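Undergrad: Keeping the supplied structure of chain A fixed, place chains B and C upon it in accordance with the hints.
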Amino acid sequence: MIPNLLRIEKHIDSPTEKFKVMKESQNQVAVDQIFKTKPHISVRNLNVYLTKNHILKNVSLDIPDKAITCIIGPSGCGKTTLLKTFNRLLQNSVDVKIEGEVLVDGVNIHGKDVEVENIRKKMGLLSQRPCPLPMSIFDNVAYGPRIHGTRNKRKLYEIVKNQLEAVGLWEEVKERLKAPAIRLSIGQQQRLCLARGLAVSPEIILGDEATSALDPIATTKIEQLFLSLKKEYSIVLVTHTLRQARRIADYVAFMYMGELIEFGSATEIFTNPKHQLTRDYIGGSFS
Amino acid sequence: MEEKIFKALMMAATMIIVVSLFMIIVAVVKRGLPAMSWDMVSKIPGGGFYIGKEGGLLNAIIGSLYIVIGSITLGLSFSLPIVLYINLYLPEKSRLAQFTRLSFDVLFGIPSIVYGAFGFTLMVYLGLRSSLFAGILTVTFLIVPILIRSIDEVVRRVPKEMMDAALSLGATRSEIIKPILRQVAPGIITAIILSVGRGIGDAASVLFTAGYTDSIPTSLSQPVATLPLAIFFQLSSPIVEVQDRAYAAALILTFIVLVLSLAGRYYSRKFSKNKI
Amino acid sequence: MNKIRYNNYRKIKELVLRNSMLFLTVISLSFAVIIGISLYYKSVPILDQQSLWSLLSGESWRPLKGEFGFYPFIMGTLWVTGIAILISLPLCLLSAIYLSEYAAPYIKKIVFPMVDVLAGIPPVVYGVWGILVVVPFISTTLAPHFVEFSTGYSVLAGAIVLAIMIIPLMISVFIEIFDALPGGLREASLSLGATNWQTIKKVVLRKSFPGLAAAVILALSRAFGETIAVLMVCGNVSEVPNSVFDPAYPLPALIANNYGEMMSIPMYDSALMLSALLLFVIILAFNAISRLVLIRIEKNFAL
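Chains as they are written, first to last, in this note's numbering: chain A, 447 to 733; chain B, 26 to 301; chain C, 442 to 744.
In case anyone wonders, no lab produced these hints; they're calculated from the structure. All of these numbers come straight from a predicted model, not from anything done at the bench. Keep in mind that the hints are not guaranteed to be accurate.
As the list claims (entries may be wrong) - No more than 20 Å apart at the CA atoms, straight line, and that leaves these computed lysine to aspartate or glutamate pairs for EDC-like:
#1 B:K185 to A:E655
#2 B:K118 to A:D541
#3 C:K454 to A:D559
#4 C:K740 to B:D130
#5 A:K667 to A:D696
#6 C:K452 to A:E561
#7 A:K498 to B:E117
#8 A:K558 to C:E455
#9 A:K512 to A:E714
#10 C:K643 to B:E28
#11 C:K454 to A:E561
#12 C:K740 to A:D541
#13 B:K29 to C:E455
#14 C:K740 to B:E117
#15 C:K643 to B:E27
#16 B:K55 to B:E186
#17 A:K543 to B:D189
#18 A:K543 to B:E117
#19 C:K642 to C:E542
#20 C:K452 to A:D559
#21 B:K32 to C:E542
#22 C:K642 to B:E27
#23 B:K32 to C:D620
#24 A:K484 to A:D551
#25 C:K740 to B:E178
#26 B:K118 to B:E27
Chain A with its partners taken away, still in its complex shape (with noise of 0.2 Å):
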């Protein structure tokens, strides 16, 4: 029922499960074509339980590299849960209980020996709103590169000045670098926010409604960027806004209950969805 799309791993041998990758594989032919590289994330069977909630159950996904996946779905889903276990940030609280794999260019980040610094640095997070750190301008940017041991001057000016550009910040704060960010209006900050993640030189970016605190403008802005940035990387985001999705998402995954109902690239889902709720959510008889 739901469309995994899983590649056929080598640990399966009931007849039952090897009925279940046929299936999978014919899938697969699909998401193949629609696939022109390799996933750069790939979730795999995992269960999430925060307190006794059930949050995420059993979600397998792959998530394309050189995209803009779109995750919907409406206010409690898991979405937002999905993302945060991307970085490892869900973590953070001893109610919380993982299982199952998520494996980033291969490696499952769930693992023992994985360094959760050198994750959260392959992964920009823009978050609902922006949260510049309590620093200037040129010091949010320069804040990755440096504890990453960038400490030459020059070098750290040149890497702001790029990824400023990057974002179309430059031009309206090179003159006030060493301004505190938090003076900057909320969509500049959420921009900020952008290029101090670009700083790090990640590979993915994650968005969590990032442009649900901005107006109209600001978000067409930010929209924008995704649609430049998505040759180089590969961008996740979590959307309340179908319209949104509409607009700039290559592939659509739609959760419901924690559940990934259905997974596609963004014509198939917002044309022809295989799976009710689906249609249901986009026909808009519920959010």
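TA: Using the frame of chain A, we list chains B and C on its own:
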């Protein structure tokens, strides 16, 4: 009807509380102001603090300053790591964090005389005499619970998204200490102001440990006078001039505390303005 | 190569910082235990000689003869703190209800900073106030109506000073408790046609009773331990007081007053440390109980 009577009573009760504050300040100012003079704040007592009629309170003012600076420095270097550890490293709702908070809440309630007695035992055990160092140590015990409680209060309110933002850049937990401290700096200042107030005014803790002297200590092992002790000891003197010194010290102490509480208000308001 | 070394440096730095912070935290947790043990260790000599019960119930305090009866001091503490609570509880309760249920915002804006200032005034200044105002008032104005003679240095003087001192603590915890009550509770009662006052009496006070009790215990333990201010105004005569105009000698005052001579008389320091231990244990227990109650209340209301 009943409501009206009680409302009148309530307003009366509030009035009594407000009035008693003014009574205290008025009493201290009325008695202390005539005793104030430039000598009072610029000279050390002459001819012995209990009988000498000459001189002023400089020994106690400087002594209090030394004690407060020393104990705040020492106290911060204990409390900051503890607060950061329970907020940064321990997961939310961790038992250890909750227990730590509870235990400092409880320690906050321990009276200063007990800290004084403990400090004294420790001092004897270590073979120290009553001295500036022992006084600093005891006052540190006294203020660490305040520092921890009030700094924890602000660090807890740091938006989780901000920590996540720094962590998601690949920072280790110890590397996000700097931005967090920057974020809560006004809160830390408020906490310091609060503990300076407590530390500078407390007599019972340093009664056993600081000793008392007419001179200004030049090393950590010399005894030291403080303002509250100056009040306490000199008030019981039969000589009016010596008593005057006590009342002047009370005035100075009250003034310091008033300024501190104004400053604390100012800073905490500034802090809440900057909160996102 | 450099990169690897830098990453190792980061890893080591993280490890060292993390563990030293954990170490400090654990040490700090054992702090209360260390205080308890060291005070106990100091009071062992006298406990070896006499039973705790005989010390607590003994009425005579003659250190030179080796008689250490704590009874007068315990009674002195109970008198002073009991009356202090009797004075400040109604004041605080009435005022807290007024401030949280009736008062206009501008009144709160005036009163709250004043309560803050009151909390910040050092004990010794309260003592000065007691000597300047309360003691003369009692000896010249109040006491002549009731007893033949009082110096003014009395249970009542100590209690009044102490009552004012614990007001900030009590009132701020009271207001916190009232504010923590879910607003829906009041609205539910009001919408049933109850008046404001009925709502306060039947709903607000009843619902917040455990919290108020905890706050009183907290204030009580603060009062128990208050030393200097009480010591300055309560007379310090080691006899059980018979009226509020008699002098009293509370336990903390006993410790503070005798530190000078305690090393020269055998068992004296042990007896004083025992009284410090008693204070410590009682106040620790009181504080722990009331804090636990308050934490539970906070949690329940938050849900």
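Undergrad: Within 20 Å, alpha carbon to alpha carbon, are A:K498 and B:E117?
TA: holds (16 Å)
Undergrad: Within 20 Å, alpha carbon to alpha carbon, are B:K29 and C:E455?
TA: Violated, because 63 Å separates the two Cα atoms, which is more than 20 Å.
Undergrad: With the threshold set at 20 Å, check whether the alpha-carbon distance from A:K543 to B:E117 stays at or below it.
TA: holds (14 Å)
Undergrad: Would you check the hint for B:K185 and A:E655, treating anything up to 20 Å between C-alpha atoms as holding?
TA: holds (16 Å)
Undergrad: Holds or violated: B:K32 and C:E542, Cα atoms, limit 20 Å.
TA: Given that 20 Å is the threshold and the Cα spacing comes to 10 Å, the pair holds.
Undergrad: Taking 20 Å as the top limit, are the C-alpha atoms of C:K643 and B:E28 close enough?
TA: The given pair, whose Cα atoms are some 13 Å apart, holds under the 20 Å limit.
Undergrad: Holds or violated: A:K512 and A:E714, Cα atoms, limit 20 Å.
TA: With a Cα-Cα distance of about 19 Å, the restraint between A:K512 and A:E714 holds, given a limit of 20 Å.
Undergrad: Sort out whether B:E186 lies within 20 Å of B:K55, counting only the CA atoms.
TA: violated (53 Å)
Undergrad: For a C-alpha distance cap of 20 Å, please report whether A:K484 and A:D551 respect it.
TA: Judged against 20 Å, a Cα distance of about 9 Å means the pair holds.
Undergrad: CA of C:K454 to CA of A:D559, is that 20 Å or under?
TA: holds (18 Å)
Undergrad: Does the structure keep B:K118 and B:E27 at a Cα separation of 20 Å or less?
TA: With a Cα-Cα distance of about 45 Å, the restraint between B:K118 and B:E27 is violated, given a limit of 20 Å.
Undergrad: Are the Cα positions of C:K643 and B:E27 separated by 20 Å at most?
TA: OK: C:K643 and B:E27 at ~14 Å, within 20 Å.
Against the hints set out earlier in the document, violations occur for numbers 13, 16, 26.
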